[in-house]
Structure formats: C-alpha cells, structure tokens
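Q: Working from the sequences, and respecting the hints, build out all of it.
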Amino acid sequence: MWGSQSWLQPAFQLAYLMTMYNFMPSGDDYIRFLPEIIMSVMGTFFMVLEGILGDKKEGKGLIFGHLTLATLLAALLACMYANGFPGNAFTGMLIIDGYGTFFRVLVIGVGMLAVLSSYQYLKREHAEAGEYHALILFSIVGQCVMVTANELIMVFIGLEVSSIATYVLAGYLRDDKRNNEAALKYFLLGSFATAFLLYGIAWIYGASGSTRLDTIQAFLANRDVAHNMALIGTAAALMFVGFAFKVSAAPFQIWAPDVYQGAPAPVTAFMSAGPKAAAFAVFVRVFMTAFGPIVDRWEPFVWSSALLTMVIGNFAALMQSNIKRLLAYSSIAHAGYVMVAIAAHNQIGVSAVMFYLAAYALMNIGAFAVVAHFSRQGEKYVNVEDLAGLGWKQPVTAALFAIFLLSFIGVPLTGGFFGKFYIFKAALDANLIWLSVLGLLNSAVAAYYYLRILVVMYMQEPGESMASLQPLSTGISVTLWASALGTLILGIYPAAILTFARSSSAFLK
Amino acid sequence: MTFNSVPLSWYLMLSAILFVLGIAGFLYRRNVITVFMSIELMLNAVNLSFVTFSYQLKQVDGHIFSFFVMVVAAAEAAVGLAIILTVFKNRQSLRIDDVSSMKY
Amino acid sequence: MDAILFIAFASFAIASAISLVVQTHPISSALSLIGVMVSLAVLYFLLGAEFIAAAQLVVYAGAIMVLFIFVIMLLNADSEGPTGRSWRVNLLGIPLLAAFVGIIAFVIQAFLPKTEGVSLAGRDGFVGTASLVGAKLFTVYLLPFEVTSVLILIAILGAIVLARKEID
Amino acid sequence: MNLWLIPIFPFLGFLINGLFGRRFPKQVVNVVAVGSVLLSFLWVLKTITGLGAMETAHVERYFTWIQSGTFNVGVDFAVDRLTAIMLLVVTGVGLLIHTYAIGYMEHEGGYYRFFAYLNLFMFFMLTLVLASNFLLLFVGWEGVGLCSYLLVGFYFTEKFATDAGNKAFIVNRIGDFGFTLAMFLIVRHFGTLDFGTVFEQAKNPANSAVPFFAICMLLLLGATGKSAQIPLYVWLPDAMAGPTPVSALIHAATMVTAGVYMIARSSVLFTHSPAAMDWVAAIGMATAFFAATIGMAQTDMKKVFAYSTVSQLGYMFVGVGVGAFSAGVFHLMTHAFFKALLFLGAGSVIHALSGEQDLRQMGGLRKKIPITCITLFCGGVAIAGLPFTSGAASKDLILETAYARSPILYWIGLLTAFMTAFYVFRALFLAFFGKYRGDKHPHEAPFVMWAPLAVLALLSLVGGLLSVPRWLEPMFPEKELNVGQLITILPFIAGFLGIALAYLFYVAKPSLAETAKNSMGWLYNLIYNKYYVDEAYDLAVVNPLIQGSRSVLWRGMDAGLIDGIVNGVGRRSRGIGNILKLLQSGSIRNYAAWVVFGSVILLIAIGLSGGPR
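From first to last, the protein sequence lines stand for chains V, P, B and A. Numbering-wise (numbering that gives the first Met the number 0), the first sequence opens with residue 0 and increments by one. Numbering-wise (numbering that gives the first Met the number 0), the second sequence opens with residue 0 and increments by one. Numbering-wise (numbering that gives the first Met the number 0), the third sequence opens with residue 0 and increments by one. Numbering-wise (numbering that gives the first Met the number 0), the fourth sequence opens with residue 0 and increments by one.
None of these hints come from the bench; they were simulated from the model. A hint or two may mislead.
[Said to hold, decoys possible] Straight-line alpha carbon distances no greater than 20 Å define the calculated SDA-like cross-link-like pairs of lysine to any residue that follow:
{"id": "1", "chain 1": "A", "residue 1": "K508", "chain 2": "A", "residue 2": "M295"}
{"id": "2", "chain 1": "P", "residue 1": "K88", "chain 2": "V", "residue 2": "N382"}
{"id": "3", "chain 1": "V", "residue 1": "K176", "chain 2": "P", "residue 2": "D96"}
{"id": "4", "chain 1": "V", "residue 1": "K176", "chain 2": "P", "residue 2": "R94"}
{"id": "5", "chain 1": "P", "residue 1": "K102", "chain 2": "V", "residue 2": "N382"}
{"id": "6", "chain 1": "V", "residue 1": "K176", "chain 2": "V", "residue 2": "Q376"}
{"id": "7", "chain 1": "V", "residue 1": "K392", "chain 2": "A", "residue 2": "L18"}
{"id": "8", "chain 1": "A", "residue 1": "K45", "chain 2": "A", "residue 2": "A83"}
{"id": "9", "chain 1": "P", "residue 1": "K57", "chain 2": "B", "residue 2": "A134"}
{"id": "10", "chain 1": "P", "residue 1": "K88", "chain 2": "B", "residue 2": "A134"}
{"id": "11", "chain 1": "A", "residue 1": "K367", "chain 2": "A", "residue 2": "D357"}
{"id": "12", "chain 1": "A", "residue 1": "K45", "chain 2": "A", "residue 2": "G34"}
{"id": "13", "chain 1": "P", "residue 1": "K88", "chain 2": "B", "residue 2": "I68"}
{"id": "14", "chain 1": "P", "residue 1": "K57", "chain 2": "B", "residue 2": "L66"}
{"id": "15", "chain 1": "V", "residue 1": "K176", "chain 2": "A", "residue 2": "G585"}
{"id": "16", "chain 1": "A", "residue 1": "K439", "chain 2": "A", "residue 2": "Q360"}
{"id": "17", "chain 1": "V", "residue 1": "K392", "chain 2": "A", "residue 2": "L4"}
{"id": "18", "chain 1": "V", "residue 1": "K176", "chain 2": "B", "residue 2": "I159"}
{"id": "19", "chain 1": "V", "residue 1": "K176", "chain 2": "P", "residue 2": "S92"}
{"id": "20", "chain 1": "P", "residue 1": "K57", "chain 2": "B", "residue 2": "E49"}
{"id": "21", "chain 1": "P", "residue 1": "K88", "chain 2": "B", "residue 2": "I159"}
{"id": "22", "chain 1": "V", "residue 1": "K379", "chain 2": "V", "residue 2": "M465"}
{"id": "23", "chain 1": "P", "residue 1": "K57", "chain 2": "B", "residue 2": "A120"}
{"id": "24", "chain 1": "P", "residue 1": "K102", "chain 2": "V", "residue 2": "Y380"}
{"id": "25", "chain 1": "V", "residue 1": "K176", "chain 2": "P", "residue 2": "S100"}
{"id": "26", "chain 1": "A", "residue 1": "K25", "chain 2": "A", "residue 2": "H106"}
{"id": "27", "chain 1": "B", "residue 1": "K113", "chain 2": "P", "residue 2": "L56"}
{"id": "28", "chain 1": "P", "residue 1": "K88", "chain 2": "B", "residue 2": "A120"}
{"id": "29", "chain 1": "P", "residue 1": "K57", "chain 2": "B", "residue 2": "L131"}
{"id": "30", "chain 1": "A", "residue 1": "K45", "chain 2": "A", "residue 2": "L4"}
{"id": "31", "chain 1": "A", "residue 1": "K367", "chain 2": "A", "residue 2": "L4"}
{"id": "32", "chain 1": "P", "residue 1": "K57", "chain 2": "B", "residue 2": "G61"}
A: Below is the structure:
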C-alpha cells in the first residue's frame, strides 16, 4: 500500500517546499472562516474586558450576555454569508458546504439560547463573569470547526477545543460538589475516549497515507486494498469509540447521566445540544465519506448500538426521580434514534439526522431551560415531584414545557414527530425493518416517563416547592418561547428545514 | 533481519503495548492524578504510532499530527489539573472512588 | 546497532510504563512516565523525527510533567490505600486488556504489509527537521495551528475559572 | 367550499377561551364555545347542500406540508359521502353536547378551560374526519387522544382521574405504534399517503405484491386502541372518570368511533385481505360479547354505559369486518344518537343526585325527574333494538350481514343483543323504578340540559329512517342478502326478552335477582371484577416493565456485568435496595471499563469481522 515515493535530496527540500507549499490564504478563505474569527476575537476581548471591569458587580452579567448575543448574531450572519462561498478553504482543511453551514447555524443558535437561559442563573449563583461567556464562545468555535472540518487534524482540534471548554463549563461553579464531580468525570472519561479516537486516526493515517477525508474515501473506494482491510477496520473501530462517546451512544453512554446531572443547568442545556449535535455532524461526515466505502463493516454495529442506546436510555429514564437525570437518559434515547438514521446510511438518513438534531436541540434546550428556571439557587429543586402544580402556579412555563415534552414523545404538530417520522422512514427505505419496529416500540415506552412529568405538573397539588418560585425571567422566557416556536414550526411546516437538509446532504454523492 | 534494522511492526507493537498499559493505569490506579497520567501515557503511545507511520510514508504530516497532540496534551494538562485541584479542595481527597456521589 | 538501541529503549519504555501502573505513590508514577517519555524521544530520533524528539523532551518531559509533579507536591498526595471495590474491576479488566492488545497485535502481525525495517540508514534522507516541519506547519497546516491558539486560551481561562480565589 | 372553515371555528373558540377565558364571564365563554361549534355545524350543512350528490370526493388542497423527493404530503381536506355523515354526526351531536355542558358544568371550577379543551377536541376531530391523507388523519387521531387525556384529567385533584388518563394515553400509544407502522408500509409500497392515490393504486391488480394483510392488521391495531376493542379496551371504562359531557362526546359519540371510521375509510385496502377482515369481525364480536357480560354486573351507572359502548363498538367492528361497511357506519351514527343520549341522561341523573353514580343509591326517580326518565327510556329502547327505533335498523343490518358471512357470528351477536337489552334496562329500572334508596334531594335538570336530551331522544327513535346504507351505496356496494324472515325478527325478540327479564328481576320480583346472584356467586364475582383483566394487565405488563427496567438496567447494564457477575450471589440476598446501592457505581473506573469493553467489541465487530474482507 505504501508507494515507494523517492524522497528529494535534503538540499532540494527547502526549495521544493518553497514552491509547493507557497501558500497564502486568499480573501475567500478568510470569509469562509469568518464566523470562527469573529467568535475567537470577541472571546479574547472578553478576557481583556473582564480585567478592565474587574469586580464591578452591577450589570456585568448583562454586558457580557448582550455582547455574547451580539457576537453570536454576527457569527450567524457570517455563516450565512460564508455559505455563498462553497468549497475548500485553507489548503483543504475546511470545507464549506450546506451541511457544514446547517450545523454551524445550529450550534450558534444553541449557543444563543444557552446564553439567554444563563443570565438569571449566573446572577442567582453569584457567578457572573466574562470567562463563562468566553468559554461558551470558544466552545462554539470548536464546534464550528468540527462541523466544517475536512481533515482529521481539524476534526481532532475542533473536538478538543469544544470539549475542553465544556469540561471547564461543567465545573464552572467550582464550590459545588456536583459541578466538580461532573467536570472530573467528563474530563477524565472524555480524554480517555479521545485517546482512542487519536489512536484510530493514527491507524487510518498509516493505512491510507492521509488524514484528509476525501483522500481517504478515494483511497478506500478506488484502490485494491484487500489485504489491509483489517487495518482500516481497526482504525474505524477506534475512531468509532471516540465519536460514539461524544454522542453518548451505547455502550459509551455511561458518562452522560452523571455529567448532565452534575453540571449547571444552562451548561447542561448547552452541552446536551450543541456539542452533541456537532459530534453527530462530524461522526456522520467521517463515517459516510471517509469510511463510506466500507459501510457494510460498520453498519451492523451502528444497528446494534442504536437499539441498545434507545433501550438503555428509555428504560433507565423510567426509573428516574431527578429531572436532570431523567432528561439525560432521555437525551441518550434520542441519540439512539439518530443512530437509527445513521444505520440507514442513505441520503434521507442524513437529512433525517440533520432535521432530528435541529428539533432535538430546540426541545432539549427548552426543557433544560425550564429546569434552570425552576431549580432555584444551588439547584435545590430538581426532582420530578417538585414540579407538582406548576401547571396552575405558572401556566405559561408549564404550557411551554408541555410542548417540549410532547415533542419528546413525538406527538404530531411538533418537531419531534417529524424527526422520528423521517428517521424511521429512512430506516425503512434502507430495509431496516426490525430496527424501525423496535425503535417505534421504544418511543411508545418513552411516552410514559415524559407523561409522568405532565401529570405531576398539571394534576398534583402544588407543594412547598412552589412557594419560593420566582416569575419567569426575561432571558429564560425568551429561550422558552423561541424554542417552543421553533419546535412548533418544525412540526407544522417542516419543509422549511427539510428542503435545505435534503439539498445539503448531497455531499454523500 | 540484521541488527541494523528493526521491523516496523515492532514499533507499532510497542505503541500498542504502551497504549494498553495506559488503559490499565486508568482502570487500576486509584489516585486521580495517576489516572490522568495514564491518559498522557496513552497519548504518547499514539504519538509513537504517528511518527512510525510517518517514517514509513516518508511524510512529515505524522510529525505535525503528533506535534498537535502534544499541544492538546499541554492544554488538557492545565485544565485537568485545575479540575483536580477544585475537586481536592471540596473533598480533601484524591481517591477516584470517592468521586461517585451521582449514580443510578 | 539500530536493533540494539530499539530493544534497549523499548524495554526501558515498557518497564517504565509498567512501573507507572504498579506504583502506588503518584510521584513514582510521574517519574516513571518521564522515563517513558525520554525513551520515546530516543525512538523518535531513530525514526527520523528530530523535531518531535526535541519537542517531546522540552514540552512533555520538561513542561507538562513538571506541572504534574508540582500539583502532586502541592496537594501533598499520599500513596493510595486500597479501596474496597477495586479488585472487581481488576479481575474483569485483565481479560479486556489482553483482548485489546491481542487484537491489535494480531492485526499488526497478520495484516501489516511487510516492508523494509526501520533504520537510521534507511531513512533515505527523510528527516523531520524543524525547517521541514515548520515549512509545512505554517503553510498546509496553518489553520489548525492557529486554532490551537484558541485551545491555549481555553486552557488559561479554565485554570483561571477553576482555580482563582473568588468567583464574584 | 372552504372546508378549512369547518375545523377552524372551534379552533378559534379554543384560542379565545383558552387565552382570555379566565377573564370572561360565563355567558361569554358559553357564547364563544357553543357559537363556534354552531358555526361549523352551519358551515357543514352549507357545504353538504352545496355539494349535492357528491358522486366523487371533493378535495381541497391548501399547501404542501412535506416534500421530500417524490414523497409529498399536503394539508388537504376532502369531503365525500362518508365524510358528510361523519361531519354531521360530529358537529351535530357535538353542538348538542356543548349546549348540555353549559348546564352540567355550571358549578365546576375551571369552566373556561373545560370549554377550551372541548373546542380543541372538536378541531382535531374535524381534522381527522376531513383529512385527505393518512398523515393528516393521524394528526387528528393523536390530537383527539391528547384532548381526551386533558379532559379526563379534568378533575385533576382526583388520583383516580390521573391514573385513568395515564392508562388511556399509554394504551393509545400502543395503537399508534400500529398505525404508524402501517403508514410506513403504505409509503413504502405506494409512495404516498394520499387517500385517493393509495386506493386507486390498491385497486390496480399489478399491486398484488403489497402486503395488504400486514397493513390491515396494523391499521386494526391502531383502531383497537382508539376504539377500545380487545385487547386494548381497558382504558375506556376508566376514562369515564371524566365529566359526563366528555364521556358522551368523546367516549361515546365521536372519538372512539374513529377506529371504525378509519377502517371504513380504508375499505379498499381491507377488501384486499379477507383474512384481516375476519380478524376485524372476530375481534369486534368477541369485544361485543365480552363487554356485554361485564356490563351486566356493574353497579355504577356510567360504567354500565361505558361497557355498553365498548360492546356497541364491537358491533360496528363486526359490521365493517363482514364487509357491511355501510351498516357499520350506519350503526356508528345511530349509536352516536342513543349513546350520547344515555350518557347525557345519566349525567342528568347524576346532576340531580349531586354526583351520586351508584345504582344502589337510586330508585324511584321517574317521578322526580320525569323528563330525564322519558328520554332515557327512549335511548334504552333504541339500544335494545326494539322495532322501528334507530338502533334496530342499524343493528339488524349488521346481524343479517354477519349471518350471511358466518352464522356463529350471528348467534353470538343475538345473545349479546339480549344481554344488552337486559343490562341497560336493569340500570334504568334500578334507577327509576322501585323505592328511592338514597338520601339526596333530586331535582330536574335545567332547560339547557334537557333540551338536548329531547332532541337526541327524537333522533334515537326516528334516526333509523335516514337511509344511510343507500346514501353510501356508491362507496360501499351492498350485497344481496338472502336471509330468512326469522333471522330478521329474532333480534327484536331478543330485545323484548332482555327487557322482560330485566323487568321481572328488578321491578316485578326483585328477590329473584338476589337468588340468581347467590346461586351463581363465583360467576357473578368474576364478572363483577371485570374478569380481573385490569389486575392481569398490571401483573403481565406494567409490573414486569418496571421490575425489568429496574433489575436489568440498573443492575445489569451500568455496573452489573462488571460488579455483578463476580460478586452477584452474596449481595443479591440483601434485598433490592442494597443491590442498587452497591452495584450501580457512579465510579469513573467502572465507566472506563465499559469504554474498554465497548472498544474490544468494536474491534472484533469492525476490525476483525469478515477478516481482511
């Protein structure tokens, strides 16, 4: 497999490099990378600004929050603008296509909602600081890099930027024991899984001689590689570990409940939506392009992983009394549905992944925002029972929460319904009949635990937990309304997203 | 085989052994810091693979990849040790089995 | 010559790694890890990765490990005592680890294409010098290089957020 | 014809009452709620008269809902002769029940919310009926289920009500699972969900490879969930915990008949699979008989009518199952009249007795609430199938067709008819004859309540004159029936006998009933406890689900394999609580071991499987 390329004599090496690698980024390159540039610059600026503002407590959270929102808005516009310049950037490190743009917009949108839902939270925990917002921005930079990466180096670095920032955010309230524990677990296990991913990258590099996705794909598709398929398979297996861990697919889902439970609620909202969507995006891109030619090797495992993920998530969620933990298991279950679409490995499957992740991000962030609002200082009220009577005490909050729960269940007219519909349609198109049947059965089981929340909210007498409940703050209120509106739009007029998703899943060829 | 050259597979085998020893350290050691050092060992093993493949391919790209791995390891070390510090402050313990209050 | 160097340093690396795993005191483990890193640096040199070999010593053994040792000292970490439930993981871990290394070793032995061995002479002029690495790093890999700066910023931020005195 | 106006009126009513109702006086809430349904009723009348004969379906396409490749689903409404009947029933009976609810709910809390949900229900029900493709029908289907859930849980302080709502929702999810799968199969084989296209293609003999049996059985599963048939009927009697107008509207007249409507709508598919049709008929007949036996021993007035609803729905299933689609729909309509009447009448009795539902606490009420009494007996004779009533016309048609298909169906149906007459009149005699056994002071219902009763009573008596089968003839061609005179007359005799026996037991010689009950004690108990089906469900489905997930997942998945295998036996004896505490670790090293375990599996699965290819 390794060609015997003759290497130039040292004397010529530099001259050769000067000519071959004479690379100056063009203006278009910068435009394609503009969203990341905007966010990085502003994140750095925040670090300076934090120093300037010092401990001036009044309104600091507002200043940073608004600035972050403005930055993300600018980055969002930059994404749209960059979409007009499709193609490779920076010597093929990045690829700007519809798929990348879709996920860039998604993760930036998730960031905005997460920031909106943290105003009140940071204030009541006395933890308003520019670092929080800078970390969110940097994490989004990492996610944007991931979803547009065309190179395993970029995938790896983007993943690390996103993850390391999230590790810190998970432990942001450092005096809280649960935060510490979440951060430590997430950090140690995350780095552990990343080592597997890296080992896999090393193997695919050794086997194919490249780390570029398209080159690897071409290598696997065109050359007679019969004798080293086992090498490629090993590489794929090791990389699978890394990605499956990040998307919390079974059997690598174990970290998620502990970490989601322990992290501050707005951070959980953020990391269960943004980094997860980005990880799925890169997972799909790597396995559908680079490892696309050996799909029959990894597809059976995705099949079983999807089933296992759904079953574990749904059945474990049945037993939970802590609502953050319940939502954590539910997000595992939803990862399982997405895995079903990946197992379908066709174009509809990819657009189903995109659609579902958008719907999932909206409803998930909405649900966690409700938890952020409800939990009170120190996250005292996080049990399902504490929600008793919310329906009468705060009808609007409860109604919006109900929309998210119904969307989780997959009731028509919500995004969750169409998400599931497309996923199972894609699976059936790919002849995955049993997986679809079992998946649908799973979603029938899942109805039970979401329903329990609804019942508690609407049909039980308010308890003492209602006494100290503050009215909905503006930030969370905006988050909830925006997510609910998005969920309903996806449910009532899915064509808006779907058309785009279908056209941009064309990278599969 | 003469003493003047070593089969490529020996290097890769060494890398695999070091990687597994890293995993073993993660599974068996009970001190958080040692567990973290085991991850560093795994990353080192990966780097050896990169450099070995780079030699075989006569490309410098593998070197660059391992360079990036080092950078990431440095960043991870800073953050990881900071996290370990906060955990220690709150629990006065570095035993990894003590950090298990959230379960089921 | 090459083989002797390889065997010597490879065995030293493995021995240090085993030592890392079996030592109970974190300082001993850290010193063992430094042993692994130094011997790997030698092996990198044998593989023609001069720049990486130097970076290995300077960055890894020099900077990162010093940080580790500093923290171990700061926290006054003791040797770890046995905990009640550990032996179960140990017992099931061993077959898993054996399977893992077995599969990879099998793949390497059975499926890796047979090529010429590694030797200093066989490098055929290919040496990963600083200029070669640098030339490619600042052209082809310019973007990832720049993005790592964000990573470093995060590391700084993370340390500040988690370790500073008061969160206001 | 602007069909979209029909569902949009109640939806506007829902929005207005839901958003501002809290601040409105009751009169305004009433006007909005009833007025919106009245408007859609009027629009239905205008539409139907405007369309005239409706030889073919009148379709209106509004916008493309989903477009994905060649697969399109639109928001399309259609009206044909079947839809016309359903529209009239839903809006007509709905209007009467809304009116009645004004009186019934007067003293209840959350008045505006109740009417908002009721209007929302009307919106979804009309969407279901008007839908021109399976997906839109499913939207309505889920929507009515949701509203039913909201309305049953209306008395939210009652623990029982919440349990009942839960059961309803979960059982319906099982049905929906079947419906969804059926939809996927239809998309797979026909490439569309549009009724017109699917049925047109289904008629094409080239499509013989389509798995009609599977599709129909899955649709049937969906229908059994919504229409409370065996095995998914358990939720309906419990759902009677909701307010009586809800029981009348949703659990008698409209929503529960959606399954029958859906099967009739998909008649083209069902006729391709005689085996599936047989299943429909068998399930229907089994349900009809089974529910009737349970109904004989209930002491709660609403429960009696609830089981009779299940039983009558069974008749409708028999009707569509034996190919008499028009008879099934006919019975659907007449049933909507007399069962809505029975429920509303029961509500009136309960209202008069300030919430008392137990038949043993009633008696002699015919003098105290005469209007309710008369109207209820009108409903009674209709359900018993006495000659010239609406129930007689439709039930006889079903039984005759069933006889042509298989005499066994007929004889069981006949026995069921006898039992139906018996237990309905048992309830009526217990309530209205004899001596008053309670301690309340009964009072007659106000005009807004008895007026709808009167209208429904009239419809129950003469509704059979509307010749639904002939109206539906172009859609469902009727078969020539060659059954003897006796077969036609026997159901009437069964009805008379049932009433007579009830009269003997509960009016003429009450002691006989006690004797009968005592001599067959074990049977009575079995029936009284509804054959212990609820308990069996708990035992067979609910408990294993909870136990299974507890032991398999907590113990097994996260920590069990690592900790449990090695150490299992010793600790398991200390009880489940201890096991959970000890085995579910939360420990990082255990988690890491899982990652390693997974990676080894992956290496084998992806790396080694199939060798080097």
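Q: Against each hint, give a clear statement of whether it holds in the structure.
A: Consistency of the hints with the structure:
1. A:K508 - A:M295: holds, 18 Å
2. P:K88 - V:N382: violated, 28 Å
3. V:K176 - P:D96: The hint holds at about 15 Å.
4. V:K176 - P:R94: Distance of about 15 Å is within 20 Å: holds.
5. P:K102 - V:N382: holds, 15 Å
6. V:K176 - V:Q376: Holds, at roughly 14 Å.
7. V:K392 - A:L18: Since the Cα atoms of V:K392 and A:L18 sit roughly 16 Å apart, the hinted pair holds (cutoff 20 Å).
8. A:K45 - A:A83: holds, 11 Å
9. P:K57 - B:A134: Since the Cα atoms of P:K57 and B:A134 sit roughly 16 Å apart, the hinted pair holds (cutoff 20 Å).
10. P:K88 - B:A134: Violated - the C-alpha atoms of B:A134 and P:K88 are around 45 Å apart, more than 20 Å.
11. A:K367 - A:D357: Cα-Cα ~17 Å, so holds.
12. A:K45 - A:G34: holds, 16 Å
13. P:K88 - B:I68: holds, 18 Å
14. P:K57 - B:L66: Distance of about 34 Å is beyond 20 Å: violated.
15. V:K176 - A:G585: At roughly 14 Å apart (the allowed maximum being 20 Å), A:G585 and V:K176 satisfy the hint.
16. A:K439 - A:Q360: Holds, because 9 Å separates the two Cα atoms, which is no more than 20 Å.
17. V:K392 - A:L4: violated, 35 Å
18. V:K176 - B:I159: holds, 18 Å
19. V:K176 - P:S92: This hinted pair holds, its Cα atoms lying about 12 Å apart.
20. P:K57 - B:E49: With a Cα-Cα distance of about 14 Å, the restraint between P:K57 and B:E49 holds, given a limit of 20 Å.
21. P:K88 - B:I159: Answer holds: P:K88 to B:I159 is near 15 Å, not above 20 Å.
22. V:K379 - V:M465: holds, 12 Å
23. P:K57 - B:A120: The hint holds at about 14 Å.
24. P:K102 - V:Y380: holds, 18 Å
25. V:K176 - P:S100: holds, 9 Å
26. A:K25 - A:H106: Holds - the C-alpha atoms of A:H106 and A:K25 are around 11 Å apart, at most 20 Å.
27. B:K113 - P:L56: holds, 13 Å
28. P:K88 - B:A120: Since the Cα atoms of P:K88 and B:A120 sit roughly 54 Å apart, the hinted pair is violated (cutoff 20 Å).
29. P:K57 - B:L131: holds, 12 Å
30. A:K45 - A:L4: holds, 11 Å
31. A:K367 - A:L4: At roughly 43 Å apart (the allowed maximum being 20 Å), A:L4 and A:K367 break the hint.
32. P:K57 - B:G61: violated, 28 Å
Violated hints for the displayed structure, listed by number in ascending order: 2, 10, 14, 17, 28, 31 and 32.
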